[in-house]
Amino acid sequence: MAKVLVYSDDAALAAELAAFSTSVPHEISVLTLDEDIDPALLECGAACILHAQCDGIPEAYARSLSEYIQNQGFSLFIVGATSRGRDIAAQVAGYMECGLGCDVFNLSFDGQTIAYDRSIYGGIAVSSEVIDGIGVVTVNRGTFEGTNGSVESIREITLSYDERMTLVSREARASEGVDISCAERIVGVGMGLSSQDELALAEDIAHSLSGAIGCSRGVAEERGWVPASCYIGISGKVVAPKLYLALGISGQVQHLYGVRDAKIIAAVDKNEKAPICSHADYYIVGDIREYAPLIAAELNAR
Amino acid sequence: MEKVVVCYKWVLDEADVRIGDDGSVDLSRAKGKISEYDRNAIAEACDLASLLDEGEAVGVTFGASPSKASLKDALSRGLSQAYWVKGESASQADGFITATCLAEAVRCIEGANIVVCAEGASDTFARQTAPRIAALLGIPVVTSVMEAAVGDGKIIAKRRLEDCIETVEVPFPVVLGVLPEIIQAPIPGLKAIMAASKKPVTEFSADEFTDGKRPLCKVAGVKGSTVDRACVRIEEDDPKATAAAFVAALRREGVL
Chain Z
0 MAKVLVYSDD
10 AALAAELAAF
20 STSVPHEISV
30 LTLDEDIDPA
40 LLECGAACIL
50 HAQCDGIPEA
60 YARSLSEYIQ
70 NQGFSLFIVG
80 ATSRGRDIAA
90 QVAGYMECGL
100 GCDVFNLSFD
110 GQTIAYDRSI
120 YGGIAVSSEV
130 IDGIGVVTVN
140 RGTFEGTNGS
150 VESIREITLS
160 YDERMTLVSR
170 EARASEGVDI
180 SCAERIVGVG
190 MGLSSQDELA
200 LAEDIAHSLS
210 GAIGCSRGVA
220 EERGWVPASC
230 YIGISGKVVA
240 PKLYLALGIS
250 GQVQHLYGVR
260 DAKIIAAVDK
270 NEKAPICSHA
280 DYYIVGDIRE
290 YAPLIAAELN
300 AR
Chain U
0 MEKVVVCYKW
10 VLDEADVRIG
20 DDGSVDLSRA
30 KGKISEYDRN
40 AIAEACDLAS
50 LLDEGEAVGV
60 TFGASPSKAS
70 LKDALSRGLS
80 QAYWVKGESA
90 SQADGFITAT
100 CLAEAVRCIE
110 GANIVVCAEG
120 ASDTFARQTA
130 PRIAALLGIP
140 VVTSVMEAAV
150 GDGKIIAKRR
160 LEDCIETVEV
170 PFPVVLGVLP
180 EIIQAPIPGL
190 KAIMAASKKP
200 VTEFSADEFT
210 DGKRPLCKVA
220 GVKGSTVDRA
230 CVRIEEDDPK
240 ATAAAFVAAL
250 RREGVL
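From first to last, the protein sequence lines are chains Z and U. Take 0 as the starting number for the first sequence in numbering that gives the first Met the number 0 and just add one per residue. Take 0 as the starting number for the second sequence in numbering that gives the first Met the number 0 and just add one per residue.
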């Protein structure tokens, strides 16, 4: 029986990852470091919930966790691709000296070999990779379809904390609008916006769509018009909304990586040769200042 | 002398990568560059070194012969010296081999109290170098760092996570995985470029560092991503009609 361990600091993502299935007999355990076990985990269908009380910084348990994984004979460690998750995954792989596939898809496991695909070169190419033996992978939201089912058992475990890491403070992020990770509709703004006034036009459309504002890296980091948490791309958020509407986004590969799983990509850009046009389902070649109000009015008309 | 060691990677410019009609990946025309995120990491290493009493920022890179071209560029960005772990099979290296080479180089650098890495390189974006180096060296790591300050023998780092801003304190030696937003990466001036030629470079052998270790992740194949989008341009007689047709198309798709 192959033993698979799942972890994410995002309980909903952990519940989704517990739906990973393989053709070989296997048993999935889900690790949580939360004080209380999230109800989503109790219905995720895993064989077992492993509950460790975490004080301080979850990443500071990584070394102890790597020892636990080895001692318990887990073959595959599937980790939710959040900031904390990627850190823990890489530390565990580092301490165990085993392979790590980051942000993988098409994951399979035959009990001996872990196979997966992952995007490289900013998402324009896919690398198919294999790990023989024990391995770690990180997986983004939307990769597996979650299943329901009662958890068979809950076990308390003890992990030890790396005392060199001291938590000084933790502040919840100030409200930055709708969380783009979960938004069904996202209006993305790029460097094609000529002034901050045009951001308000995008916000009007986002409001009409009950959606969220996302942006390219330059808008967040160079112009500071939109919080960094809304930056979509290979080093930012990776999203999978029903609709991604790009306004003034040229479509550099790094940005497109973050929206490739959107059901529909629509775009308005004045440059018909911009890469976004060849990566969109529907696009308008034109000025945002002219088209954004017209689109908002059309959305509000019904 | 306390050293801030920044690890950087010489990568192929992804904008030059061409995908053939058969899905083949053509790298032959791709030029090299220091990964964009690593430029921010280099700038941050220089900034941290300036905060230490006797600080020095040095760079380490692991790569095959073409990566030699990176040394002058890296040194022109403010580093005082560079260490090159030369390995002709670097393009086949995975995160384990890469981190092994970089960690062994760090061990050779006296006074390396802070190691700085970007969160990922722009070619593979494997997001594991900083934690793996820390694990191999047995020292703590702080990732997602958006601000870092130096205290008395320690780092105070502010982390940007999905739901919170977290401040942590960690004693030296420590590895930092820094976000690109931590600092802007200035374009080196002519004087800095000229001075870079005179700065010392130390060469190491990757084969000696890896000592027979092999990549743990093996690449079975690489192919171009398929873009399966309709690419329909909406264009009617006037802008209002175009906007209406655009919204109507989205409505038909059931995404509104």
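The set of hints was computed from the structure by calculation and includes no laboratory data. Be careful, since some hints might not be right.
[Claimed, not checked] No more than 35 Å apart at the CA atoms, straight line, and that leaves these computed lysine-lysine pairs for DSBU-like:
(1) Lys269/Z / Lys30/U
(2) Lys153/U / Lys236/Z
(3) Lys241/Z / Lys153/U
[Unchecked claim] Only some residues are given here: those of chain U computed to face chain Z with a beta carbon under 8 Å:
(4) Ser49
(5) Asp122
(6) Pro130
(7) Gly152
(8) Gly211
(9) Glu252
Quick caveat: nothing in here was measured; it's all calculated off a predicted structure. Built from N, CA and C at the ideal position, the CB exists for glycine as well.
Going through the hints against the structure:
1. At most 35 Å may separate the alpha-carbon atoms for a hinted pair to count; Lys269/Z and Lys30/U meet this at roughly 29 Å.
2. Taking the CA atoms of Lys153/U and Lys236/Z, the gap is about 30 Å. The hint holds against a cut of 35 Å.
3. Among the hinted pairs, Lys241/Z with Lys153/U is inconsistent with the structure: their alpha-carbon atoms are about 45 Å apart, more than 35 Å.
4. Taken as an interface hint, Ser49/U does not check out: its beta carbon lies about 22 Å from the nearest beta carbon of chain Z, beyond 8 Å.
5. About 6 Å separates the beta-carbon of Asp122/U from the nearest beta-carbon of chain Z, less than 8 Å, and the hint is met.
6. Proximity of Pro130/U to chain Z holds as hinted, the smallest CB-CB distance being about 4 Å (cut-off 8 Å).
7. For Gly152/U, the interface hint is violated, the least distance from its beta-carbon to any beta-carbon of chain Z being 12 Å, above 8 Å.
8. Here the hint on Gly211/U is broken, as its CB sits about 13 Å from the closest CB of chain Z, past 8 Å.
9. Nearest Cβ of chain Z to the Cβ of Glu252/U: about 5 Å, under the 8 Å cut. The hint holds.
This entry does not satisfy hints 3, 4, 7 and 8, going by the numbered hints stated previously.
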